[in-house]
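Chains as they are written, first to last, in my numbering: chain A, 1 to 143; chain B, 144 to 411.
In case anyone wonders, no lab produced these hints; they're calculated from the structure. The beta carbon of each residue, even a glycine, is placed where N, CA and C say it ideally should be. Some clues are possibly wrong.
Here are the in silico distance ranges between beta carbons for each label pair [claimed, not checked]: (1) B/Pro220 / A/Ala125: 52 to 60 Å; (2) A/Gly87 / B/Arg275: 40 to 48 Å; (3) A/Asp33 / B/Pro297: 44 to 52 Å; (4) A/Thr128 / B/Arg327: 25 to 33 Å; (5) A/Glu84 / B/Gln216: 28 to 36 Å.
As a list, the in silico DSBU-like pairs of lysine-lysine whose alpha-carbon atoms are at most 35 Å apart [unchecked claim]: (6) A/Lys121 / A/Lys50; (7) B/Lys411 / A/Lys36; (8) B/Lys192 / A/Lys98; (9) B/Lys192 / A/Lys36.
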Amino acid sequence: MKGRNSISLAYALAALLMAAPARAHHGSAASYDIGKQTTLTGVVTEWVWKNPHCFILFDVTDDHGTVVNWGAETHPTNFLVRNEVKGVPVPLNAASFKPGDKVTVTLFPSRAGTPRGLLAKIVAADGTVMLDDGDTRLNRGGQ
Amino acid sequence: MRAAVVVLVALLAIVSSANAQTPQSSKDWPPCNRCLTGQQERDAAAKAKTLPFKPRDFSGVWGLAANGFNLDQRAVPPMTAEGQARYAAAKPGLGPRGVPLGNDPLMICDPVGYPRSFTYNYGMEFIETPGRMLQFFEWGHTWRTIWTDGRALPVNPEPRWYGYAIGRWNRDTFIVESSGYEERSWLDQDGHPHSDQMRLVEQYRRVAADAMEVTITLTDPKTYTAPWVSRMTLRLNPASEIGEYFCVPSDEELYKKVMREPAGGVVK
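One chain only, chain B, in its complex shape:
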């Protein structure tokens, strides 16, 4: 009898955990785009750590600029000759290769593209709908569709800044395969290039209420001689909503004229 009670209590605990509401939005915190103080955000984050979660519930805002991460810069594979030439031509404005002015495509408001939108991450939100998983990005106020309806990747996709992606579940790991990328975007702030032959395999696994482990495997035989594997941990930002960050060409032009160029020594 005692054993039966113990089993029943355990089962109830499991069911209760499975039905628990994942912290994600206005139910637990004020619905406000970044209006909370830093302390309120820290309190919300601390609370999120203690809550149960559903491994397949990815909803919520993951990562903000304060959580900025990158593709693993220690794991960059050797580049092909074409890759080396394109890397040499890229002049980032920050980091170890940073030079004043530079030619980062962001400076002319080119789309950030993928995976840089994910890694640079001014905030990214997963939304799951029947047949699709969507990623919304604050930067550029744009989205990426990950098809989960069983379709295959297109054979000769038209290159796009955010590629073409399909996803499936393997137990509690969400696996995304993608291809068809527009090659003008940089992979990271250091100016690593990719070609239209780039393929990505991403694995997402929620390991805690406030944490998701992510592995990105990039293959691009035109640019790199081996796969580039990066692992990172995304943090849930339970008190946040995706904001709006556009690169506005007219504002960018003003900034360039008044700040960037004079600061870089351009005198007109």
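So that you can see chain A by itself, here it is in the shape it has in the complex:
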């Protein structure tokens, strides 16, 4: 019984430690303000399917016609291949977004005020939610 208790304790400890930092390692996590989220609609210019982190670049046009190229980074490729949104598999790959695609992106913005962010959610033009892990990011302190 004592052994079983120690195993249960180990499981509980492991569960707690699952919240430990595991991603966003490449010097980026501290750059983003996880206290804010910004939602932008734009047109994809590039979807970079590479490590250390995949990222999407997209043009956003404001009311005055000024175009700003935004970038939002997300996980490494080996996590995105088994991406799911609320339990529904939405595996991403290099062809998930193409230049010209209209997307709505929610991101945690750069603290520096530059047009860069940590991806929280991205919705395709047809309404398909392609990725939605803003809450997970928040639970991990932005990592």
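Please arrange chain B on chain A, whose structure you already have, making use of the hints.
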């Protein structure tokens, strides 16, 4: 007679358990690198909990990023002056000391080294062969050899990112001793340092079909004034295979130029 039957049944149960196949790969689940859905993975993990296991069978993939753990940050011993200086010079990109940009060696694709490869753990697989236990790591797609042929640790080993390791069994606990570490690697995401005098003693004990208890005792008199002991539990990922995660310098340079530096406020 009844007692004899009971004993026989018990013995058969023990033998059956000892011969049971440990869940580990394509025999029970599709051979696919991370192609399963989260639900399929959860189902596989639930199934693994119920299966018998051999305590000395470590085969399979243990831990993934979702199981990320760390050296025990509450048990960090006081540092020597040299340790303090190196810790102060380390600028992590995340965690309580995180700053934009930073100088984590990972950002220039230095090898992760050990034990960070183990604790950071994008997935680690044990492979046992005669005279060796091997650990394969997804990050860097690299491996560590643990010699089990009875040899001793070298006296003055050439420093290596993954050190020099020997292992032996003590009952059902696998004990690994290692030394000879290249001191440029960080121990963890917080930038804790170590020197080339670091020695590790690791103890691995499989306590369930899907769980392994691990204790890592780190001694490094040049950096820490006392041993640093960390305990953690590894979980088996029965439906997984080790993938390939390289830090590719050209890709890292692209990421730095397009994302990391602009996000950190660097404008060129």
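Lying within 52 to 60 Å: is that true of the beta-carbon distance B/Pro220 to A/Ala125? With Cβ atoms ~55 Å apart, the hint holds.
Can the suggested window of 25 to 33 Å be confirmed for the beta-carbon pair A/Thr128 and B/Arg327? Since A/Thr128 and B/Arg327 have Cβ atoms about 45 Å apart, the given range 25 to 33 Å is violated.
Are A/Asp33 and B/Pro297 spaced within 44 to 52 Å by their CB atoms? holds (49 Å)
Would you say the C-beta atoms of A/Glu84 and B/Gln216 sit inside 28 to 36 Å of each other? Distance hint for A/Glu84, B/Gln216 holds at roughly 30 Å.
B/Lys411 paired with A/Lys36 [C-alpha distance capped at 35 Å]: holds (26 Å)
Check whether the Cα positions of B/Lys192 and A/Lys36 lie no farther apart than 35 Å. violated (40 Å)
Holds or violated: the 40 to 48 Å window for the beta-carbon distance between A/Gly87 and B/Arg275? holds (41 Å)
Can the restraint linking A/Lys121 and A/Lys50 be considered satisfied, given a maximum Cα separation of 35 Å? holds (19 Å)
Going straight from one Cα to the other, do B/Lys192 and A/Lys98 come out at no more than 35 Å? Judged against 35 Å, a Cα distance of about 42 Å means the pair is violated.
Violation of the numbered hints given earlier is confined to hints 4, 8 and 9; the remaining hints are satisfied by the structure.
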